[in-house]
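A.B. asks: Here's the letter readout for the chains.
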Amino acid sequence: MKKKIIKALILIIIFSLGATFGKLLNWGYFELSKELSIVDALTLFTTLGVAIYITQTLEKEVQDSRIEKELFISKISEIEIILNRIEDLVEDTDCSYNKINNRIHSCRKIKNGIFESIDDNFDNSVSARLKKFEPSISLGINSLKRLLTETPITQTATHEITLTNGLANYSLNRILEINVVINTIKEKLFKLKVNINSL
Amino acid sequence: MKIKIATDFSRIPCARFISEGDFPGEEFREKVLLPKLKDAIQKKEKLEIDLDGTAGLGTSFLEESFGGLIRIDNVEHSVILDTISFISNDDPDYVAEIIEYLKEADEKENN
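Residue numbers (our numbering), protein chains in the order written: chain A, 25 to 223; chain B, 72 to 182.
Derived by calculation from the structure, the hints in this document are not laboratory data. Quick reminder that beta carbons are idealized off the backbone N, C-alpha and C, glycines included. Treat the hints with caution; some may be incorrect.
Stated by the list, open to error - FRET-style restraints, in silico, Cβ to Cβ:
1. A:Val86 with B:Val150: 36 to 42 angstroms
2. A:Thr79 with B:Asn160: 40 to 46 angstroms
3. B:Val150 with A:Ser160: 33 to 39 angstroms
4. B:Ala126 with A:Ser151: 27 to 33 angstroms
5. A:Leu72 with B:Ala126: 56 to 62 angstroms
6. A:Ser151 with B:Val150: 38 to 44 angstroms
7. B:Pro163 with A:Glu115: 28 to 34 angstroms
8. A:Asn145 with B:Ala126: 27 to 33 angstroms
9. B:Asp144 with A:Lys210: 36 to 42 angstroms
10. A:Leu200 with B:Ile143: 31 to 37 angstroms
Claimed, not checked - Taking lysine-lysine and the DSSO-like style, the derived pairs with C-alpha atoms no more than 30 angstroms apart in a straight line are:
11. A:Lys58 with A:Lys47
12. B:Lys102 with A:Lys133
13. B:Lys174 with A:Lys133
14. B:Lys174 with A:Lys123
15. A:Lys156 with A:Lys215
16. B:Lys73 with A:Lys123
17. B:Lys73 with B:Lys117
18. A:Lys133 with B:Lys117
19. B:Lys75 with A:Lys133
Construct all of the structure, not just a fragment, from the sequences and the given hints.
C.D. replies: What follows is the structure, given as structure tokens:
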């Protein structure tokens, strides 16, 4: 309440000062005409129409498109995060095989979701441009799945993966192979992100 | 006839052999898939396999389950393809993967 009174007082003081200076210096003033030519009226309404169109339609379209792009990019980032987690998991001795299995399953589900949404949300030419990335990303994820979850049919002297009671151990060579494939997938995902961002 | 892996076997299938962890492909093939497949072949019915609803189906699980039908149980490749159909809405890539493992197992058996 006290603040409101102070604000009102400040407004009155400013207005009084302005009015006093205006009278003392005799500044010019505007005269408002009650007449308006038809050309001026048309110009006014056209300007108003364009202003409303720009703010309501174009701005909204630009904003919607930006939000849509951000959604796609954040979905792609989700795959990258999972790939990073897989990289960390395989480094551990005795990592949970089911956890790795679930991570790669999520990767593929998200990837499929992204490309389905690209089909649904972009026009044909843009969709075709973005879908060019699908085969190489799918191939990468499928190769990674095999490297992570394929245990041998027969036991050999050298084990790339040893799995006992649900706990997996990857050989150093296999870890390197996994990292190479993960980096290749990340490169493809980055290119896809850049392409989406430049739309 | 229908098998839903998530409810008829496990939501968290593991790898290939029993020694590797709980709910492996070997157990799925022996206890669930093969008996139903034999029944379907005998009754000349289709066997629909629903792959949805699991935490993930690893390469070893799928290879041992389906490739094992050819490699261990000597079911003919063409008979499997004629009898089995798949539902895989969560991840349609699983179907292509299984077809590939069946083909690989068949090629190994015939070479």
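A.B. asks: A separate judgement is required for each hint: does it hold in the structure or not?
C.D. replies: Structure-based check of all given hints:
{"no.": "1", "hint": "A:Val86 with B:Val150: 36 to 42 angstroms", "result": "violated (58 angstroms)"}
{"no.": "2", "hint": "A:Thr79 with B:Asn160: 40 to 46 angstroms", "result": "holds (42 angstroms)"}
{"no.": "3", "hint": "B:Val150 with A:Ser160: 33 to 39 angstroms", "result": "holds (35 angstroms)"}
{"no.": "4", "hint": "B:Ala126 with A:Ser151: 27 to 33 angstroms", "result": "holds (31 angstroms)"}
{"no.": "5", "hint": "A:Leu72 with B:Ala126: 56 to 62 angstroms", "result": "holds (59 angstroms)"}
{"no.": "6", "hint": "A:Ser151 with B:Val150: 38 to 44 angstroms", "result": "holds (40 angstroms)"}
{"no.": "7", "hint": "B:Pro163 with A:Glu115: 28 to 34 angstroms", "result": "holds (31 angstroms)"}
{"no.": "8", "hint": "A:Asn145 with B:Ala126: 27 to 33 angstroms", "result": "holds (29 angstroms)"}
{"no.": "9", "hint": "B:Asp144 with A:Lys210: 36 to 42 angstroms", "result": "holds (41 angstroms)"}
{"no.": "10", "hint": "A:Leu200 with B:Ile143: 31 to 37 angstroms", "result": "holds (33 angstroms)"}
{"no.": "11", "hint": "A:Lys58 with A:Lys47", "result": "holds (25 angstroms)"}
{"no.": "12", "hint": "B:Lys102 with A:Lys133", "result": "holds (28 angstroms)"}
{"no.": "13", "hint": "B:Lys174 with A:Lys133", "result": "holds (24 angstroms)"}
{"no.": "14", "hint": "B:Lys174 with A:Lys123", "result": "holds (28 angstroms)"}
{"no.": "15", "hint": "A:Lys156 with A:Lys215", "result": "holds (11 angstroms)"}
{"no.": "16", "hint": "B:Lys73 with A:Lys123", "result": "holds (28 angstroms)"}
{"no.": "17", "hint": "B:Lys73 with B:Lys117", "result": "holds (8 angstroms)"}
{"no.": "18", "hint": "A:Lys133 with B:Lys117", "result": "holds (27 angstroms)"}
{"no.": "19", "hint": "B:Lys75 with A:Lys133", "result": "holds (19 angstroms)"}
Hint 1 alone, counting from the list given before, is not met by this structure.
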